[in-house]
Each structure stands twice: as structure tokens, then as C-alpha cells.
Amino acid sequence: MANLKDLDTSARVTWCPGCGNFGILSAFKAALVELGYEREQVTLVGGIGCHGKITDYLNVNTFHGIHGRVLPVATGIKLANPKLKVFGFSGDADCYDEGWDHFCHAIRRNIDMTLIVHDNMTLGLTTGQTTATSQSGFKSKSTPFGSVVPPLNPIAHALVSNGSFVARGFAGDPKHLQSLIVQAARHKGFNYIDVFQPCVTFNYMNTYDWFRQRVYKLEEADHDTSNRQKALAKSFEWGDHIPIGIFYRDDRLTFHDGLPQVKDVSLAKVPMEGVDISRIIESMK
Amino acid sequence: MKVNDFSFLIGGEAGAGVARSGFLFAKACMRGGLHVFGTDDYQSLIRGGHNFYIVHASEQEVYSHSDDVNLLVALNAESVVLHKDNLVKGGGIICDPDDVELTPEKLGKTDLRLFPIPLRKIVVEELKQPHNVIMRNTVALGAAIAVTNYDFGLLEDILKDTFKPEVAEINVKAARVGYDYVRERLDDSFEFTLRKMEVPGGNGIFLSGNEAVGLGALRAGCKFFASYPMTPTTGLLHFMTQNERDFNMIALQPEGEIAAINMIAGAAFAGARAMTSTSGGGFCLMSEGLGMTGMTETPVVVMVGQRPGPSTGLPTYTAQGDLRFVIHASQGEFPRIVIAPGDIDECFYETERAFNWAEKYQLPVILLTDKFVLESEASTEPFDMDRVKVERGLLIEEQYETGDEYKRYEVTDTGVSLRAIPAIKNAIIHANSDEHDEKGITSENPLVTTTMTDKRMRKLRTIKQEMEERNVETVRFYGLEEARATVVSWGSTKGPIRETMRLLNAEGNVLNFLQVLYLQPFPKAKVEQALDKAKTTVVIEHNSTSQLASLIRDQTLRNVDHKILKYDGRPFSPTELAQRIMEVL
Numbered sequence: 004m005a006n007l008k009d010l011d012t013s014a015r016v017t018w019c020p021g022c023g024n025f026g027i028l029s030a031f032k033a034a035l036v037e038l039g040y041e042r043e044q045v046t047l048v049g050g051i052g053c054h055g056k057i058t059d060y061l062n063v064n065t066f067h068g069i070h071g072r073v074l075p076v077a078t079g080i081k082l083a084n085p086k087l088k089v090f091g092f093s094g095d096a097d098c099y100d101e102g103w104d105h106f107c108h109a110i111r112r113n114i115d116m117t118l119i120v121h122d123n124m125t126l127g128l129t130t131g132q133t134t135a136t137s138q139s140g141f142k143s144k145s146t147p148f149g150s151v152v153p154p155l156n157p158i159a160h161a162l163v164s165n166g167s168f169v170a171r172g173f174a175g176d177p178k179h180l181q182s183l184i185v186q187a188a189r190h191k192g193f194n195y196i197d198v199f200q201p202c203v204t205f206n207y208m209n210t211y212d213w214f215r216q217r218v219y220k221l222e223e224a225d226h227d228t229s230n231r232q233k234a235l236a237k238s239f240e241w242g243d244h245i246p247i248g249i250f251y252r253d254d255r256l257t258f259h260d261g262l263p264q265v266k267d268v269s270l271a272k273v274p275m276e277g278v279d280i281s282r283i284i285e286s287m288k
Numbered sequence: 010m011k012v013n014d015f016s017f018l019i020g021g022e023a024g025a026g027v028a029r030s031g032f033l034f035a036k037a038c039m040r041g042g043l044h045v046f047g048t049d050d051y052q053s054l055i056r057g058g059h060n061f062y063i064v065h066a067s068e069q070e071v072y073s074h075s076d077d078v079n080l081l082v083a084l085n086a087e088s089v090v091l092h093k094d095n096l097v098k099g100g101g102i103i104c105d106p107d108d109v110e111l112t113p114e115k116l117g118k119t120d121l122r123l124f125p126i127p128l129r130k131i132v133v134e135e136l137k138q139p140h141n142v143i144m145r146n147t148v149a150l151g152a153a154i155a156v157t158n159y160d161f162g163l164l165e166d167i168l169k170d171t172f173k174p175e176v177a178e179i180n181v182k183a184a185r186v187g188y189d190y191v192r193e194r195l196d197d198s199f200e201f202t203l204r205k206m207e208v209p210g211g212n213g214i215f216l217s218g219n220e221a222v223g224l225g226a227l228r229a230g231c232k233f234f235a236s237y238p239m240t241p242t243t244g245l246l247h248f249m250t251q252n253e254r255d256f257n258m259i260a261l262q263p264e265g266e267i268a269a270i271n272m273i274a275g276a277a278f279a280g281a282r283a284m285t286s287t288s289g290g291g292f293c294l295m296s297e298g299l300g301m302t303g304m305t306e307t308p309v310v311v312m313v314g315q316r317p318g319p320s321t322g323l324p325t326y327t328a329q330g331d332l333r334f335v336i337h338a339s340q341g342e343f344p345r346i347v348i349a350p351g352d353i354d355e356c357f358y359e360t361e362r363a364f365n366w367a368e369k370y371q372l373p374v375i376l377l378t379d380k381f382v383l384e385s386e387a388s389t390e391p392f393d394m395d396r397v398k399v400e401r402g403l404l405i406e407e408q409y410e411t412g413d414e415y416k417r418y419e420v421t422d423t424g425v426s427l428r429a430i431p432a433i434k435n436a437i438i439h440a441n442s443d444e445h446d447e448k449g450i451t452s453e454n455p456l457v458t459t460t461m462t463d464k465r466m467r468k469l470r471t472i473k474q475e476m477e478e479r480n481v482e483t484v485r486f487y488g489l490e491e492a493r494a495t496v497v498s499w500g501s502t503k504g505p506i507r508e509t510m511r512l513l514n515a516e517g518n519v520l521n522f523l524q525v526l527y528l529q530p531f532p533k534a535k536v537e538q539a540l541d542k543a544k545t546t547v548v549i550e551h552n553s554t555s556q557l558a559s560l561i562r563d564q565t566l567r568n569v570d571h572k573i574l575k576y577d578g579r580p581f582s583p584t585e586l587a588q589r590i591m592e593v594l
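Protein sequences, first through last, are from chains A and B.
Following the working numbering, the numbering of the first sequence begins with 4 at its first residue and continues without gaps.
Following the working numbering, the numbering of the second sequence begins with 10 at its first residue and continues without gaps.
None of these hints come from the bench; they were simulated from the model.
Among the hints, erroneous ones may be present.
As the list claims (entries may be wrong) - Below, simulated BS3-like cross-link-like pairs (lysine-lysine); rule was C-alpha separation at most 30 Å, straight line:
#, chain 1, residue 1, chain 2, residue 2
1, B, Lys-118, A, Lys-191
2, A, Lys-288, B, Lys-169
3, A, Lys-288, B, Lys-448
4, A, Lys-8, B, Lys-169
5, A, Lys-272, B, Lys-130
6, B, Lys-98, B, Lys-118
7, B, Lys-137, B, Lys-11
8, B, Lys-115, B, Lys-173
9, B, Lys-205, A, Lys-288
10, B, Lys-398, A, Lys-288
11, B, Lys-572, B, Lys-542
12, A, Lys-191, A, Lys-272
13, A, Lys-266, B, Lys-434
14, B, Lys-448, B, Lys-533
15, A, Lys-272, B, Lys-169
16, B, Lys-533, B, Lys-398
17, A, Lys-288, B, Lys-11
18, B, Lys-137, A, Lys-266
19, B, Lys-448, A, Lys-8
20, B, Lys-98, B, Lys-205
21, A, Lys-191, A, Lys-233
22, B, Lys-11, A, Lys-272
23, A, Lys-272, B, Lys-434
24, A, Lys-86, B, Lys-448
25, B, Lys-137, B, Lys-182
26, A, Lys-86, B, Lys-434
27, A, Lys-191, A, Lys-178
28, B, Lys-118, A, Lys-272
29, B, Lys-98, A, Lys-86
30, A, Lys-86, B, Lys-416
31, B, Lys-173, B, Lys-93
32, B, Lys-115, B, Lys-93
33, B, Lys-434, A, Lys-8
34, A, Lys-288, B, Lys-182
What you are looking at is a predicted structure, and each value in this text was computed from that prediction instead of being measured.
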């Protein structure tokens with residue numbers, strides 16, 4: 004069982020001081036300790052962006068893949084060994100721009116894993132361009148006159164894609180986020196947590212203060228997490244009041260439930276020698 | 010009277026069951042003890058248009074089809090028009106007189122045997138199946154058996170083995186009606202016949218290249234397969250998903266090719282033998298993911314089935330235009346292995362070997378095939394299950410024992426590091442598409458960058474050493490050492506080339522043939538040797554810029570003397586190839 008110290012690598016953290024990623028990192032580490040997983044059982048998949056560096060900072064199994072492809076890599080890992088605890092870390096550009104194709108399909112499949120999106124509404128690592136969740140009017144090097152395209156609503160998309168666990172957190176409230184991660188990890192199914200992650204260097208619009216003035220917790224507002232329609236309505240709430248917490252959860256069959264031949268089996272452990280193909284050969288005679 | 014050396018062509022619209030009929034006729038021939046090769050030509054549509062299937066059956070081994078047809082079954086008028094000039098002297102046409110009136114005058118040929126059979130009337134009125142007009146093809150098959158004086162029982166058996174009982178029954182009846190019509194109502198004298206051979210213990214198996222690749226993958230212990238449909242590799246996806254439940258594996262169709270390459274990388278990282286398949290366009294999408302497997306040193310097998318490009322090109326035809334692309338795809342430099350199977354047997358055995366190469370050297374292995382080898386069907390001996398054993402390389406199976414911290418990318422003399430997979434006790438694995446240190450932590454240090462690049466590239470040297478030490482067949486040579494010319498080629502041209510050799514070498518020793526089986530790492534020494542011994546060299550391939558010839562020049566500094574290039578989407582026929590070779594010599 005891991006404790007906090009065990010989870011650090013020797014890598015030096017290169018996030019800007021005050022970055023929302025620190026809140027996500029500390030929430031995640033605390034969650035892992037609370038969940039009591041063995042380090043060897045945990046596998047993280049990170050994408051490309053400031054968020055992706057998290058794979059260097061955590062002493063668990065990690066796969067640092069290419070931009071936008073966290074979800075298919077994580078899917079392959081989980082399908083190959085369902086006993087692993089799989090966490091995907093993505094960013095708003097990584098998941099909602101480049102990787103948008105995979106988002107709806109992964110949610111539909113309901114692979115048992117958790118996706119945490121570092122949503123800072125900008126591309127941090129490439130110096131501050133606009134993304135799918137950047138606010139209208141956001142000025143950046145790629146939209147110097149202000150973005151004219153309204154942002155995506157990924158929470159709504161997740162709900163419409165039959166998401167079985169849809170939540171949102173805030174890096175400025177790591178304790179709340181920790182609780183979301185723990186609940187997600189314990190839930191069987193595709194667990195999606197979008198996390199507001201202030202980028203102190205490039206996002207002048209959505210700052211810690213901006214979020215603190217607006218976010219409220221769904222669990223403190225008598226929200227019924229078993230009603231998808233109500234959750235969808237909540238997902239459209241924006242402006243002065245922005246909900247965080249669990250929007251919706253249910254227990255539907257996972258992708259693995261539809262694979263009776265390999266349920267709970269690590270594909271790496273199925274014997275590879277002596278596979279019997281004689282029946283097929285016979286049918287070809 | 011020519012016995013057991015036969016070329017049969019069935020043509021019709023898409024939806025008329027042309028490929029299925031060809032398959033049934035081919036299998037009936039195989040079960041009679043003959044060697045068979047079948048290939049299809051179809052268009053990118055679902056109904057209408059023109060499809061045809063050619064069967065080449067012989068007592069001798071056959072390696073490809075022949076453009077010279079002994080018997081044409083035409084399920085529509087267009088088929089007659091398109092193929093009548095392929096018929097040999099004395100060749101026959103089975104056709105419905107209601108589709109087209111067959112007379113020597115109309116055909117412009119007087120040396121053909123004509124067998125007009127009212128196929129549609131038979132199905133509607135005699136068999137009383139007005140909604141199953143597709144059964145015209147079975148009636149025609151029965152007629153073909155009668156015309157060639159072959160054993161009806163063989164057709165009956167294959168119909169019963171292929172279809173569900175109710176469907177089989179009506180099809181056997183239909184075939185019988187066709188057979189009897191010829192026997193009773195037509196002059197059935199025909200100089201080309203088929204005769205069942207006495208072969209004790211039965212004969213071989215009949216399967217497509219896609220199926221052979223699939224069998225090789227199953228036998229090699231592939232447990233994760235993810236593929237997006239793309240002609241001509243879709244058959245492999247269907248084969249794997251059908252067998253998913255029986256082989257304790259997962260075979261799925263993801264949302265696209267980018268998902269496919271990334272999924273198999275994840276599965277392989279977690280320790281499963283993983284594979285995908287696609288054609289050139291899909292491989293374009295996979296290029297970035299391919300580089301990721303090279304950088305993270307993740308073992309995967311990718312089958313690329315070529316078709317004519319560029320872009321959408323001719324989706325249902327064949328080509329060899331992606332050689333350079335596949336060898337160089339993705340940014341940066343990293344080792345890969347590229348193997349080009351040329352026939353059904355190589356599809357099976359090289360797929361088995363591909364998984365071994367991938368895991369032993371922790372890199373991507375590409376099986377470079379094409380429509381002609383993947384979708385042609387041929388008879389062959391049941392595969393030797395013991396020829397290729399599973400070899401997983403430096404894989405930690407249980408737990409990591411040493412006291413030192415596990416380093417996924419430990420620098421070694423061979424370039425290959427000890428490979429742990431997630432959940433192995435005492436080992437934490439960091440796979441990284443960024444440049445990284447031995448532990449897999451991101452690094453931008455110049456010395457680390459050089460060291461790691463050298464480590465990865467060093468694997469190529471180790472691979473070449475192993476190939477030499479174990480005498481791996483990276484090329485194959487056919488024919489005698491002394492010949493007027495040496496044909497050099499790769500992939501599925503192998504079949505037509507071997508048939509052509511038989512044709513030309515009957516008159517004296519004209520050709521021998523060097524087949525380049527492994528394209529990366531390039532078998533430099535063996536190719537140089539063969540080229541230096543050759544009196545004259547002829548490269549044969551299905552592309553317009555002669556990519557193999559350019560690769561040979563790159564790697565050996567030798568030019569080839571002649572190039573025979575065909576890039577119309579069709580495979581060479583032996584007679585066509587023989588003609589072009591003789592023109593050039």
C-alpha cells in the first residue's frame with residue numbers, strides 16, 4: 004500500500020508556481036493513499052501538455068503518449084489487463100480538441116477507468132493558444148482579436164453519450180477533488196471528471212478568483228445524481244453560478260461485461276503457446 | 010482432350026454471388042485432389058457493376074491465376090462481352106440465352122463451345138424460387154460440373170458443408186438441375202475436363218491471405234486485435250471478431266485508425282500480443298502512433314494491405330505503391346521491421362514470426378501485403394504448427410528480482426532493455442513518447458538524447474546479427490543458379506512470376522527469381538550476392554516509380570538492368586508477364 008512519500012519520483016516539477024496542476028496532483032496522491040492501491044496496480048496515461056508532465060511526477064506505472072490519444076491508449080491497457088487501476092490524465096486541448104473523436108466513444112464503451120481532464124481553457128505548454136473550452140472573446144496568440152466560436156460543453160456531451168459517472172472538480176478545492184476521485188475510482192464504469200485548473204500564466208479570464216466567485220457544489224444544492232435530464236440541465240449552467248461535483252452516476256454494464264471470454268483475465272497471462280487452431284483448419288478442408 | 014489443367018471464370022453483377030460461386034467451384038476442385046488458386050476482381054459498389062472470379066486448377070502446383078480461360082460462366086451479357094476474348098480455342102461459355110443470344114456470328118468467334126442454359130427460367134419456374142434469383146449461379150455451377158465431366162458429388166458435398174441444411178438442400182437441387190440440363194439437353198462434348206484424383210488422406214486447405222494472416226496471429230497468441238474496416242484488410246477484421254470468443258481474446262472495431270494504433274499500443278504495454286490492420290490511407294492516420302510505439306519501445310504488429318493510391322485511389326484493386334511510405338513513415342528515426350509475404354504460406358508463418366520480432370526487439374513490425382495476396386484464395390498444405398515457436402524476448406513474467414530500481418529503458422549493448430509490464434511486483438514502468446532517461450522520465454539533456462537514440466537504433470544491428478546467426482530467410486531464391494535473367498521482386502508478384510518461370514523455363518533456362526521477403530532491415534548481403542551473380546536483372550513490381558529498385562540502389566549501390574512496372578490495379582497474368590519479360594530480354 005502506497006503512502007504519499009512513495010508516490011514521488013525524483014523528477015523536478017516544472018509547473019509554474021500557483022498552477023492549478025499542483026492542486027490536481029495533491030488531490031490525486033491523497034486519493035491514491037485513501038484508496039489503498041498497490042503502486043504496481045496503478046497505471047496512468049498522460050497526454051501532451053502541461054498536464055502530461057504528471058506522468059513524470061508519480062511513482063506508479065505511467066504511459067506518456069501523444070497529443071489527444073490518452074483514451075485509446077488507456078482503453079487498450081484496461082482491456083488487456085482489467086485488474087489494473089487505470090487513470091487517464093488529459094487537458095482541454097488534448098481531450099476536447101485533438102482527442103475529441105475518442106471522448107464520446109470511450110464514454111459509450113463504459114470502460115472501467117477514470118479520466119481527469121486538466122481544463123484550463125487554454126493551451127499552456129505551447130504558450131497560451133485558444134482551445135475548445137476557451138470562453139468567447141478569449142484573446143490569445145491564435146485568436147488575437149478574441150475567439151468568435153463559443154466553447155464546447157463537454158459535461159453535456161458526456162451525459163448525452165450515456166456517461167455513467169460525470170463530474171466536475173476545481174483545482175482550487177483539492178479536498179473536494181480528492182473525494183470525487185475516490186468516488187470515481189470506486190465506481191465501476193467510465194468515470195469522467197473535468198477539473199477547472201487555473202492557468203496562472205496564460206488564462207487571464209478564468210482565474211482562481213473568477214472560479215471561486217462562481218462555483219458551487221451540487222451535493223450542497225440537493226442535486227439528484229440519478230436523473231440524467233436534471234444533470235443535463237445543470238450542465239448548461241454557466242455565468243454567475245457554475246456547478247461542480249457529481250452531475251450524474253448510474254450503474255450500467257461495462258464493456259468488459261460484454262466480453263465473457265476474458266472477464267477479469269489479464270490477456271498477458273493467457274497462455275500463448277500451443278493455441279489450438281485445428282478446428283478452423285478443419286473447416287477449410 | 011486436356012485433363013486437370015483448367016481455368017474457370019465466372020462473371021456477373023455485384024450481388025449475383027460471383028465470389029461465392031468461384032469459391033465453391035474452387036473447393037470442389039481441391040477436394041478432387043487438384044491444386045487450386047482463385048482470385049476475384051470486384052468494384053467499389055454493392056450492387057450492379059461487374060465482378061468476376063477466376064479459378065486455376067491443376068494436377069501440378071499452381072501459383073496464380075491465368076488470363077487464358079477454358080470455361081466462362083456469364084451471369085449477364087456484360088460478362089460475355091468483357092471476357093470472350095480471354096477464352097482459348099475450344100473454350101466454353103455457359104450463359105442464359107435470355108441475357109444474351111450466343112451465336113458464333115454475334116461473338117465474332119467460331120472456335121468456342123456454347124452452352125445456352127435458361128438459368129433464370131429454371132430458378133423461377135422449375136425450382137419455384139422467384140425471390141432467389143441469385144441461385145442462377147448454383148444452377149450454372151452444376152452445369153459447369155457436367156460440361157467438365159467432373160464429379161457432381163464433390164459439388165454436392167461442398168454445398169452441404171457451406172450452407173445451412175435448408176439452404177444447402179435447395180442449392181443441391183439447383184445444381185442438379187443445371188447438371189442434368191447439360192447432360193440431357195445439350196451436346197456436352199468439351200475438350201477440357203476435370204477428373205477426381207485418388208489422393209489418400211484428403212488434400213489441403215483452401216483459404217485467403219487474410220485468413221492465413223488471422224490464423225498466424227491466433228497461433229502466435231495474439232490476444233488483442235483492433236482494426237477499422239478498410240479494403241482489402243476488412244476480411245481479417247471479420248475473421249478475428251468471429252473467433253474472439255473461442256480464443257480468449259479481444260477483437261474490436263474502434264472509432265478509427267488513430268484509435269486502433271493507440272489501443273494496440275496500450276494493450277501491448279500491458280503485456281498482450283496486439284495487432285491491427287489497415288490499408289495505405291489508414292496507415293497514414295497511424296503514422297504518429299507508429300512513431301509512438303518506436304519511441305516507447307512498445308511491440309505491435311501492423312498489417313498494411315496495399316491498394317492503388319494515391320488517396321482513395323482504387324479501393325478494391327491491387328498495388329505495391331506504399332513500400333517507401335511504410336519504410337519511412339513517421340517523424341524521426343527509430344527501428345522497425347517490414348516483412349512482405351508473397352503467398353498464403355508466408356502470410357501464416359511470417360505473421361507468427363512478426364509477433365516474435367516485435368516482442369524480442371520491442372518495436373513495431375509491419376506486414377506489407379496487398380489486395381492480391383490477401384483476397385486471393387489458394388489451396389495449400391495444412392500449416393506446420395511446430396515451425397515457429399513463441400519467443401517473447403526479455404520479458405519479466407513474474408516479478409522483478411534485482412535490488413536496483415527497475416529501468417524500463419536501461420541502456421544495453423544490444424539496445425534491448427528488460428521489459429516489465431504493469432502489475433509485475435517491484436517494477437514501476439514509465440513508458441514515454443518524449444525523449445527520456447533510462448527510467449523513462451522526460452529528458453531534454455543532449456547526452457541523454459544521443460545515448461537513447463543510439464540505444465534504439467542499435468537494435469537494428471542486433472536484429473541483423475540474429476538474422477545471420479539463425480539463418481533467417483530474408484530472401485527466397487527460385488530456379489537454377491544459371492539463367493538468362495534474374496527476376497527481382499517482392500510481395501504477391503511471386504505467384505505470377507513462378508507461373509511465368511514455368512512457362513518460359515520449359516523452353517530452356519530463361520529465368521531465376523530473387524524474392525525479397527524482408528524489406529527492413531534490408532538483406533543487403535544476400536541481395537548483392539544475387540545481383541552480382543545475375544547475367545541481367547529485371548525488377549518487377551506494381552508501382553510507377555519502381556520503389557524496390559530504388560531501395561536496392563540505396564542499400565547496395567547497384568542498379569538493376571530492367572524494370573517491368575504495372576500499375577493499373579490488376580495483378581500480372583503469367584502470359585502477360587512472360588511476354589513483357591521476353592520483350593525486355
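* Asked: Broken hints, numbered, in rising order?
  -> 1, 3, 4, 5, 7, 8, 14, 15, 18, 22, 28, 29, 31
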